[in-house]
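As you go down the protein sequences, you meet chains R and C in turn. Mapping the first sequence onto the UniProt record's numbering, position 38 (from 1) lands on 38, and the numbers just tick up by one. Mapping the second sequence onto the UniProt record's numbering, position 70 (from 1) lands on 70, and the numbers just tick up by one.
None of these hints come from the bench; they were simulated from the model. Among the hints, erroneous ones may be present.
Which copy is meant is left open, so a pair is good if it fits within one copy or across any two.
As the list claims (entries may be wrong) - The list that follows gives simulated cross-link-like pairs (lysine to any residue, SDA-like), each with its CA atoms no further than 20 Å apart: (1) K21 <-> E81; (2) K21 <-> S57; (3) K21 <-> E46; (4) K21 <-> S83; (5) K21 <-> P56; (6) K21 <-> Q80; (7) K21 <-> G45; (8) K21 <-> G82; (9) K21 <-> M1; (10) K21 <-> P2; (11) K21 <-> S63; (12) K21 <-> G70.
These numbers were taken from a predicted model, which means no experiment stands behind them.
Protein chains: 2
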Amino acid sequence: MPLFMDTHSLGDGVTMDDVAKAHAADLATQDSHGVNYLRYWVDEGEGQIFCLCEAPSADAANSVHRDAHGLVADRIFAVQEGS
Amino acid sequence: MPLFMDTHSLGDGVTMDDVAKAHAADLATQDSHGVNYLRYWVDEGEGQIFCLCEAPSADAANSVHRDAHGLVADRIFAVQEGS
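Based on the provided sequences and hints, a complete structural model is requested.
Right, here's the structure in full:
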């Protein structure tokens, strides 16, 4: 399944707690879209969030955010992973 | 050790091969800076790269890129990981 990294630049700070709640809503919503949110990274001070997911399309990935909590990504990238 | 996600927006496309070579240079350079590059994600068409690393500081992380291949990040974020 294609892999996507999305970015949210909130401008103001954000707490891990708030993002964890939004992520829990994503997990509760994703199955109906065929999406699997894998992990995320948060810079609390900068209000920057990165979400990594497997999804059939970028639209499907963003629909999960929209349905779960309304905080859609600023950008979403179709990525390949290396290590 | 602190965790950082950096972003490179190259504008033009980039190949996984080229990024893999740069990453190999990072791995060969990182020990002297006390840095551990963990994994990375690439959108070849958009020329967008995300690098995740453990480092004592953002400066140390960026110094690895500078010494290894000169392609320093556009931005670097001090992140916490969730899943």
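Now for the hints, and whether the structure bears them out:
1. For a Cα distance limit of 20 Å, the shortest separation of K21 from E81 across copies, 14 Å, qualifies, whereas the shortest one inside one copy, 26 Å, does not.
2. For the identical chains of this complex, K21 and S57 are neighbours neither inside a copy (24 Å) nor across copies (29 Å), given an alpha-carbon limit of 20 Å.
3. For a Cα distance limit of 20 Å, the shortest separation of K21 from E46 inside one copy, 19 Å, qualifies, whereas the shortest one across copies, 31 Å, does not.
4. In this assembly of identical chains, K21 and S83 lie within 20 Å of each other by CA distance solely across copies; the values are 11 Å between and 29 Å within a copy.
5. Proximity of K21 to P56 under the C-alpha cut-off of 20 Å is found in neither arrangement, the shortest distances being 24 Å within a copy and 29 Å between copies.
6. Within a single copy, K21 and Q80 get their C-alpha atoms only as close as 27 Å, which misses the 20 Å cut-off; across copies the closest is 15 Å, which meets it.
7. For a Cα distance limit of 20 Å, the shortest separation of K21 from G45 inside one copy, 18 Å, qualifies, whereas the shortest one across copies, 33 Å, does not.
8. Taking identical chains as interchangeable, the C-alpha atoms of K21 and G82 lie at most 20 Å apart only when they sit on different chains, with a minimum of 11 Å there against 29 Å within one chain.
9. For the identical chains of this complex, K21 and M1 are neighbours neither inside a copy (26 Å) nor across copies (25 Å), given an alpha-carbon limit of 20 Å.
10. For the identical chains of this complex, K21 and P2 are neighbours neither inside a copy (25 Å) nor across copies (23 Å), given an alpha-carbon limit of 20 Å.
11. When the C-alpha separation of K21 and S63 is checked against a cutoff of 20 Å, the pair qualifies only within one copy, where the shortest distance is 17 Å, while the shortest distance between copies is 35 Å.
12. Within a single copy, K21 and G70 get their C-alpha atoms as close as 13 Å, which meets the 20 Å cut-off; across copies the closest is 39 Å, which misses it.
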